[in-house]
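Trainee: Now for the letters of each chain:
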Amino acid sequence: MSGSTVRTDSGIELEPYYDEGSVTPGLGERLGRPGHPPFTRGAYESMYRGQLWSMRQYAGYGSAADTNARYRYLLSQGQTALSVAFDLPTQLGYDSTDERVTSEVGRVGVAIDTVEDMELVFDGLPIDQLSVNFTINATAPIILAFYLVAAERQGAALADVAGTLQNDILKEFLARKTFIYPPAPSLRLVADVVEFASAELPRFNGISITGYHAREAGCNAVQEIGLTMASAIAYSEAFRQRGLEFDFFAPRLSFHFASQLDFFEEASKVRAARRMWHRIATERFGAKKETSGRLRFFSGCSGATLTAQQPLNNVVRSTLQCLAAVLGGAQSIHVMGYDEALEIPTEESVRLALRTQQIIAHESGVAKVVDPLAGSYFVEALTDEIEERAWALIEEIDKGGGYVEMLAEGVPQRWIAESAYEYEREVASLERVRVGVNKYVEDDAVAPPLFEVDQEAAERQRAALRERLAARDDQLAKDALAALRSVLEGDGNVMPALMHCARSGCTLGEIADEMRDVFGEHREPQSW
Amino acid sequence: MTVSTAVRGRVVLAKPGLDGHDRGIKVVGMALRDAGFEVIYLGLHVRAEEAVAAAVAEDADVIGLSVLSGVHLAVTEEYVAECRRAGLDDVAVVVGGTIPPQDVPRLLGVGARAVYPVGTPLEDVVDGVRGVVDERRGVA
Numbered sequence: 007m008s009g010s011t012v013r014t015d016s017g018i019e020l021e022p023y024y025d026e027g028s029v030t031p032g033l034g035e036r037l038g039r040p041g042h043p044p045f046t047r048g049a050y051e052s053m054y055r056g057q058l059w060s061m062r063q064y065a066g067y068g069s070a071a072d073t074n075a076r077y078r079y080l081l082s083q084g085q086t087a088l089s090v091a092f093d094l095p096t097q098l099g100y101d102s103t104d105e106r107v108t109s110e111v112g113r114v115g116v117a118i119d120t121v122e123d124m125e126l127v128f129d130g131l132p133i134d135q136l137s138v139n140f141t142i143n144a145t146a147p148i149i150l151a152f153y154l155v156a157a158e159r160q161g162a163a164l165a166d167v168a169g170t171l172q173n174d175i176l177k178e179f180l181a182r183k184t185f186i187y188p189p190a191p192s193l194r195l196v197a198d199v200v201e202f203a204s205a206e207l208p209r210f211n212g213i214s215i216t217g218y219h220a221r222e223a224g225c226n227a228v229q230e231i232g233l234t235m236a237s238a239i240a241y242s243e244a245f246r247q248r249g250l251e252f253d254f255f256a257p258r259l260s261f262h263f264a265s266q267l268d269f270f271e272e273a274s275k276v277r278a279a280r281r282m283w284h285r286i287a288t289e290r291f292g293a294k295k296e297t298s299g300r301l302r303f304f305s306g307c308s309g310a311t312l313t314a315q316q317p318l319n320n321v322v323r324s325t326l327q328c329l330a331a332v333l334g335g336a337q338s339i340h341v342m343g344y345d346e347a348l349e350i351p352t353e354e355s356v357r358l359a360l361r362t363q364q365i366i367a368h369e370s371g372v373a374k375v376v377d378p379l380a381g382s383y384f385v386e387a388l389t390d391e392i393e394e395r396a397w398a399l400i401e402e403i404d405k406g407g408g409y410v411e412m413l414a415e416g417v418p419q420r421w422i423a424e425s426a427y428e429y430e431r432e433v434a435s436l437e438r439v440r441v442g443v444n445k446y447v448e449d450d451a452v453a454p455p456l457f458e459v460d461q462e463a464a465e466r467q468r469a470a471l472r473e474r475l476a477a478r479d480d481q482l483a484k485d486a487l488a489a490l491r492s493v494l495e496g497d498g499n500v501m502p503a504l505m506h507c508a509r510s511g512c513t514l515g516e517i518a519d520e521m522r523d524v525f526g527e528h529r530e531p532q533s534w
Numbered sequence: 002m003t004v005s006t007a008v009r010g011r012v013v014l015a016k017p018g019l020d021g022h023d024r025g026i027k028v029v030g031m032a033l034r035d036a037g038f039e040v041i042y043l044g045l046h047v048r049a050e051e052a053v054a055a056a057v058a059e060d061a062d063v064i065g066l067s068v069l070s071g072v073h074l075a076v077t078e079e080y081v082a083e084c085r086r087a088g089l090d091d092v093a094v095v096v097g098g099t100i101p102p103q104d105v106p107r108l109l110g111v112g113a114r115a116v117y118p119v120g121t122p123l124e125d126v127v128d129g130v131r132g133v134v135d136e137r138r139g140v141a
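Protein chains in written order, with the numbering used here: chain Z, 7 to 534; chain E, 2 to 141.
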């Protein structure tokens, strides 16, 4: 910080203190009541009195059986919802037996090759009583088909399948980078899922529009909100172009934000986001249903803010991030394990992350009253300022030809990279203090025990797939893939054909290859 | 061999494997660029042959890899082997990313010239690469 100027993480200049004069008149209208337009104060009237947020630790590794064991453990410890992490081959449409991906199988998530793997992941866990989040994008329709067929085989009704599919491909091009197909067919697949989910899955969110990854890749809180809203506008336009009514899909759109370290900015930004989405829904898209303008979100605590140095300090960082998410009114929350700057988390660190949520929920008292920060001169002024700056960003994107166009040109990608570099320079120059990194450094800090990767898991996964392939009716699988291909070449919804592929024993790699063949593959233009 | 004074060194940066987390490699690339290096960033999913071909074409001093998905050992071995196969024994392969402490000696053991695990200060990466380049170019 230069001179006496004090700023938030996203560069908003702060007064030494705030009073009545800091808040623009008309606050009452800008706030409304919780659960009512413009939803600034929360998506639901009773918020955590009615229902606590879902405690949804992101987990998955190795084989389906390994992941099933971790889920049983987490549920036995009081976790209330699941969140599936997939390995990179699954995210990018390769089977575990594919020689191009040998070392990546089961490494950062669970490997899913066929519907049988999905059945194993949920073995003994009744799908119709769970709420499950799937962090999956390019292969999202395939994973959803596998999950729905697994549910069907458990005897569950589609109407009882609850959860969220990330299915946000635009942010893959922006920041997360697990895309396969070019933007146009990718968007068509997203729309297929959203259309299918809106019609068939009343308890399931077909998309989670996320700013989390852009934020973790380096942008600031204002950019996170602006980019997420811009992308929600782009999706809504794409779905409408396909002939879907806004009020048909909008109530099932869900959102995903990061919770980082500037406490009041993090709590305020989601209040601003709720108000913005309501305005976008009503003014831009003419929503008639009230629920179309109600923003619900999942908050992910931040991996990017964790430090490899003095890893136990991350417990404190995560606690503050979780608290900011709760004060911001999150519907579900993931807290990072303190060891995640180094490895995937151990059972012990995951348990502590879950306990962090439980202590905030049951002991701290912060969940007793809805939107307790409302009316704070500072929080309201900050909420207004974040909103104003995020609108300016949306205007810039509109002027630049719209979000999809700017994404293709690599413009927001550059914003993110520049912002990330700025951050690191601030750390290097000590302008930004990072405890244990550039201040209060210890040379002999003790490393925690780390998760040990089971080198045999990938081999077991490959053996199981080979066995299944040897036992299956190849003609049935071939016919299902041919039927899928004709849907891909036309403009029908792919979901029924994908479910048929799942039932016929097709692998994720085979299905993804069929799509590669029809759609082609995307190669990122270097915008740097 | 004349050492150019205009450019401190030429660095090819690549993301091997399937991992798409590119915040770190871009930040390192920008820092190297600002320190006077010529930086050629090849992007995501780069195979060893592609990176080595680029290193030959660009007369690179260093190939820098960034891996956050845990497969750093396998890909580093692959890249080092490919460098040797192409006769680029003096091109240094350096690796950064989510690398647990116990893997640092292992990476050096399979032929990485330097390792920058998560948490390495940016200036240490730049200084480290400068040292590697100077050594290759015979600068005292």
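Note that these hints are calculated values from the structure, not bench results. Even glycine gets a Cβ: it sits at the ideal position worked out from N, Cα and C. Treat the hints with care, as some may be off.
[Claimed, not checked] Computed spacing ranges between beta-carbons, pair by pair:
{"no.": "1", "chain 1": "Z", "residue 1": "Glu462", "chain 2": "E", "residue 2": "Val140", "range": "55 to 61 Å"}
{"no.": "2", "chain 1": "Z", "residue 1": "Gly407", "chain 2": "E", "residue 2": "Val140", "range": "53 to 59 Å"}
{"no.": "3", "chain 1": "E", "residue 1": "Val140", "chain 2": "Z", "residue 2": "Glu401", "range": "49 to 55 Å"}
{"no.": "4", "chain 1": "Z", "residue 1": "Gln364", "chain 2": "E", "residue 2": "Pro122", "range": "47 to 53 Å"}
{"no.": "5", "chain 1": "E", "residue 1": "Leu109", "chain 2": "Z", "residue 2": "Gln461", "range": "19 to 25 Å"}
Trainee: Run every hint past the structure and note whether it holds.
Mentor: So, going through the hints one by one against the coordinates:
no. : hint                            : verdict
1   : Z:Glu462 / E:Val140: 55 to 61 Å : violated, 47 Å
2   : Z:Gly407 / E:Val140: 53 to 59 Å : violated, 48 Å
3   : E:Val140 / Z:Glu401: 49 to 55 Å : holds, 51 Å
4   : Z:Gln364 / E:Pro122: 47 to 53 Å : violated, 36 Å
5   : E:Leu109 / Z:Gln461: 19 to 25 Å : holds, 21 Å
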